[in-house]
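In full-length UniProt numbering, the protein residues as written are 1 to 337.
If you are wondering where the hints come from, they were derived from the structure by calculation, not from laboratory data. The beta-carbon is built from N, C-alpha and C at its ideal position, and this holds for glycine as well. One thing to keep in mind: the hints can contain errors.
Calculated cross-link-like contacts (lysine-lysine; reagent style BS3-like; alpha-carbon spacing at most 25 Å) [said to hold, decoys possible]:
hint, residue 1, residue 2
1, Lys210, Lys157
2, Lys113, Lys148
3, Lys104, Lys16
Here are the in silico distance ranges between beta carbons for each label pair [stated by the list, open to error]:
hint, residue 1, residue 2, range
4, Gln267, Lys313, 25 to 35 Å
5, Glu70, Gly21, 13 to 23 Å
6, Gly259, Arg282, 43 to 53 Å
7, Thr325, Glu70, 20 to 30 Å
8, Ile176, Phe288, 34 to 44 Å
9, Gly236, Glu70, 37 to 47 Å
10, Phe288, Asp19, 21 to 31 Å
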Amino acid sequence: MKRILLLGTGGTIACKRTDKGLKPVITSDEILSYVPDSRSYCEIHSIQLMNIDSTNIQPCHWLAVEKAIEENYGQYDGFVITHGTDTMAYTAAALSYLIQHSPKPIIITGAQKPIDMENTDARTNLADSLLFASCPGAHDVNLVFDGKVIAGTRGKKEWTKSYHAFSSINFPYVAIIQDGQIIFYLDDKDRDKKPVCFYRQMDGDVGLMKLIPSMDASLLDYMAGHYDAVIIESFGVGGLPSYQDGDYHGAIARWTGLGKTVIMTTQVTNEGSDMSVYEVGRSIKQEFGLLEAYDMTLEAVVTKIMWILGQTKDPVRIRRMFYETVNRDILWKWSEN
1 MKRILLLGTG
11 GTIACKRTDK
21 GLKPVITSDE
31 ILSYVPDSRS
41 YCEIHSIQLM
51 NIDSTNIQPC
61 HWLAVEKAIE
71 ENYGQYDGFV
81 ITHGTDTMAY
91 TAAALSYLIQ
101 HSPKPIIITG
111 AQKPIDMENT
121 DARTNLADSL
131 LFASCPGAHD
141 VNLVFDGKVI
151 AGTRGKKEWT
161 KSYHAFSSIN
171 FPYVAIIQDG
181 QIIFYLDDKD
191 RDKKPVCFYR
201 QMDGDVGLMK
211 LIPSMDASLL
221 DYMAGHYDAV
231 IIESFGVGGL
241 PSYQDGDYHG
251 AIARWTGLGK
261 TVIMTTQVTN
271 EGSDMSVYEV
281 GRSIKQEFGL
291 LEAYDMTLEA
301 VVTKIMWILG
311 QTKDPVRIRR
321 MFYETVNRDI
331 LWKWSEN
């Protein structure tokens, strides 16, 4: 029988109603009491790491989860993390970078309604997660929600209230779970089985700038004094405005002149960026060598650069690490030549 460790972090799944709204107070042991049948196929232990609303999640919390998994890695066959849905995709991506090549499954799940409510998705999501964590073919970090298994770097919350809250962006589902049966969509028999690697540092000084028509480029100069990297969410396939007498051009020049990282991505959820298409994208990328996110999710881009900057500030290493595929995060292949 597989040994599974449940790590409680809070979120809606652990909430109870209060005068001020839903608040996470239900413990991980109490959560397990709602899925007694799961103990028929796995031995489950639990640790209450924290009990917070996921809106309050920060990199220090991701590192706390990583530490708990690393310290208990040899004692368990799989891990399930209960988490709030609002930042679940960020946490799934962050753990994908902090714990790489794991032959053991690390599952993140939660719910749109508290587990003690009559009509809740929590019990099904938790039972599915424990089942998948006990499956011999499961590995690495995945998000399990509404019967879908999503690679940790590909999840995105697209519905605020519905039970089918998460989608897999620009990548197929790893598997689906239906009536207690796991159906794998991806065959990983030939995957590169490297030893598990744990990382213990991240740099949270990463800013995000979402472009809107008429936005002043001076915001980039302000951000340069506060962040080590900036992610620019541009329009369509990607580019920067050429109005304001080239102010964006100058701002990017100052950023790169400081040796800081600039990453271009798109506000469009599906299909990714391609800055080679239009002059507004191609010219600035060629001149400054900006990093481009291509088909990556925003959550993956944010947490990947936080992870990379926690390991190095060298621009050459940053570029190489950014384009190395980790847990299915990017399809585009980069060459140094």
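Structure-based check of each hint:
1. Lys210 with Lys157: Within the cut-off at roughly 18 Å; holds.
2. Lys113 with Lys148: 18 Å, holds
3. Lys104 with Lys16: Judged against 25 Å, a Cα distance of about 32 Å means the pair is violated.
4. Gln267 with Lys313: 25 to 35 Å: Taking Cβ atoms as reference, Gln267 and Lys313 lie about 28 Å apart, which means the hint holds.
5. Glu70 with Gly21: 13 to 23 Å: Violated, since Glu70 and Gly21 (Cβ atoms, about 34 Å apart) do not stay within the stated range.
6. Gly259 with Arg282: 43 to 53 Å: At roughly 23 Å between Cβ atoms, Arg282 and Gly259 fall outside 43 to 53 Å, so the hint is violated.
7. Thr325 with Glu70: 20 to 30 Å: Given range 20 to 30 Å: holds, Cβ gap about 22 Å.
8. Ile176 with Phe288: 34 to 44 Å: Because 43 Å falls inside the window, the suggested range holds.
9. Gly236 with Glu70: 37 to 47 Å: Holds, since Gly236 and Glu70 (Cβ atoms, about 41 Å apart) stay within the stated range.
10. Phe288 with Asp19: 21 to 31 Å: 53 Å, violated
Hints 3, 5, 6, 10 from the earlier list are contradicted by this structure; the remaining hints agree with it.
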